[in-house]
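Protein chains: 2
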Amino acid sequence: MRPERELIDLIREIISKDPEELLELGRDDASARKLAGGIYVFNTDMVAETTDLLPGMSLKQFARKCVVSNFSDLAAKGARPLFFMASAGLSRDMSDDDFLSLIEGLEEGSREFGAYFVGGDLGESRELMIAGFAVGRIEKRLVKRSGARPGDVVFTTGWFGLTWLAFQHLLRGMDLPADVRVEAIKAAYEPVARIREGITASAYASSSIDSSDGLYWSLEELSKASGHGFLVERIPLHPAVELLASKGRVDPVEATFHGGEEYEIVFSVPRDRADILQEEFTKKGLFLIKIGKVVEERGVFLELNGEIEEVEEGGWEHFKSRG
Amino acid sequence: MRPERELIDLIREIISKDPEELLELGRDDASARKLAGGIYVFNTDMVAETTDLLPGMSLKQFARKCVVSNFSDLAAKGARPLFFMASAGLSRDMSDDDFLSLIEGLEEGSREFGAYFVGGDLGESRELMIAGFAVGRIEKRLVKRSGARPGDVVFTTGWFGLTWLAFQHLLRGMDLPADVRVEAIKAAYEPVARIREGITASAYASSSIDSSDGLYWSLEELSKASGHGFLVERIPLHPAVELLASKGRVDPVEATFHGGEEYEIVFSVPRDRADILQEEFTKKGLFLIKIGKVVEERGVFLELNGEIEEVEEGGWEHFKSRG
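Respectively, the protein sequence lines represent chains B and F.
Just so we're aligned, residue 1 is where the first sequence starts under our numbering, counting upward by one.
Just so we're aligned, residue 1 is where the second sequence starts under our numbering, counting upward by one.
Simulated from the structure, these hints should not be mistaken for lab results.
Treat each hint with caution, since some may be false.
The list treats identical chains as interchangeable, and a pair is accepted whether it falls inside one copy or across any two copies.
[Unchecked claim] SDA-like cross-link-like pairs, simulated, lysine to any residue; straight-line CA separation at most 25 Å:
no., residue 1, residue 2
1, K34, E20
2, K224, G147
3, K224, D18
4, K290, Q278
Next up, chain B with everything else stripped away, as it sits in the complex (with noise of 0.2 Å):
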């Protein structure tokens, strides 16, 4: 590994200059910029080898993943992402290749989302690891986990279960047909975050989160914080995971609700607004999916068959293993 000056110098020749941006990159280190009035979210969310660098995943990918993690939780809020900053920590003997990765990752995660990476710090470390600090504006509104009401309508922007596949073949050694198997790792390395959807909910939406520790976490935080319970009516699992459910491999209920780095938002709407939020996604060409109802009862529930269970605790969590 070069001494840290001259990485940052290798930063320097690859990164997007942000507009904003009052300072130099690699000159101070630090970001300065003139905000104007308003609501800004910040958040921290940091991606670690031992648990976030998944067989066969790349350096750039792992990055990305950082970025996309951080943005996420913006989005959730309502918060369109600005920019990006980034502590690593490092081995002493990663190679030049491998750091170039990690900032591609960092810089293109950014551009890709409209925002930009403009720095941090590095450090020595034996877990290689990065702290991602993003910082977003709200748009139209901010919104916090804690607003849902009994009788909202509760959507998600996309399937589950997909990701989950991906674990299970990835770690477990699940095997998979082909088709399927691609898509499940494209969507455990490259997830993608929901700003758009993020903002055009948070004019609507009682509650909002997203399911990077997998349905059932995200329900169980909206469910907390609100003192309301989620009633799920409808499973929102992957039409490709359906069709191995549908064969018996895979239990449908584990796969929807207990995966994690889907990075969906799972969101409520006072059932007044439902439809014209609706009409609002299908005019952007925004995915949504109409999972069930905010219930008076604390918890996470599930009708299955006409039957309404009480879905049981799962799902990522730190400190626990997986599963």
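Please build the complex by placing chain F on the supplied structure of chain B, with the hints as guidance.
Showing chain F alone in chain B's frame:
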């Protein structure tokens, strides 16, 4: 280690609520606030066990140091810290007490400098690390590293050499008189961010940096950014270290220039503003040492016994060994 959600409940019990915060820590996992128009500074700096947890240092001091290192960067730019976030990589077998010590360090470190700790992210890591993220607001003027002009007067907000001495003692077994040892270790374990000094200086400074990587690197960075050089005419060696140097036990140039983590602010001021700056520091009871001046030729120079020499490269840099 408890599951992440229980740890967050522990955090909620000990942190002060930022009156500006629009979200609730542990319910929403981001920070949101209404900002008035103005210039804001954003900084990220990490601490890691291998490089920053000194022998005998408590986890609370380790965490507090992460706050100081971030706030020091803000202060050097002329910004007052508003709030602090952190992503922490923790080992699976960390005890509750150790975890709470870390959080107390972040909380008390933030409060000590008038800011708030508003949360972040927890993850698993083989290396204990904390990536801090600090946001501050410019009070008077944003000061960059690049503005020094020949003839400008160069100041620092404190002495150098005490942390260098602590490193020699803690890492290399150098024997020290008891009173010096206590003072040196305190400087290394509990550094201070020079917030008031940085903001006061910002009204006059042509360039500014914090000295976290040692005085040599601070001056070299200011030199590189401005294209001019820095001539040190008075070595700002701490009196206790000076005493050891006078006995031939310490190289005063090495101790002054090639230590690090003093977190003093090093800055240049146009000659015709130097008097008023000194007057203002004195009025506010803030410490200041005039150490030299800016010269035409790029580099870091030292005038010693009437002769001018170029100071050789050195100080703390990641991916190079110390000293």
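Consistency of the hints with the structure:
no. : hint        : verdict
1   : K34 - E20   : both (7 Å within a copy, 19 Å between copies)
2   : K224 - G147 : within (11 Å within a copy, 52 Å between copies)
3   : K224 - D18  : between (39 Å within a copy, 22 Å between copies)
4   : K290 - Q278 : within (9 Å within a copy, 66 Å between copies)
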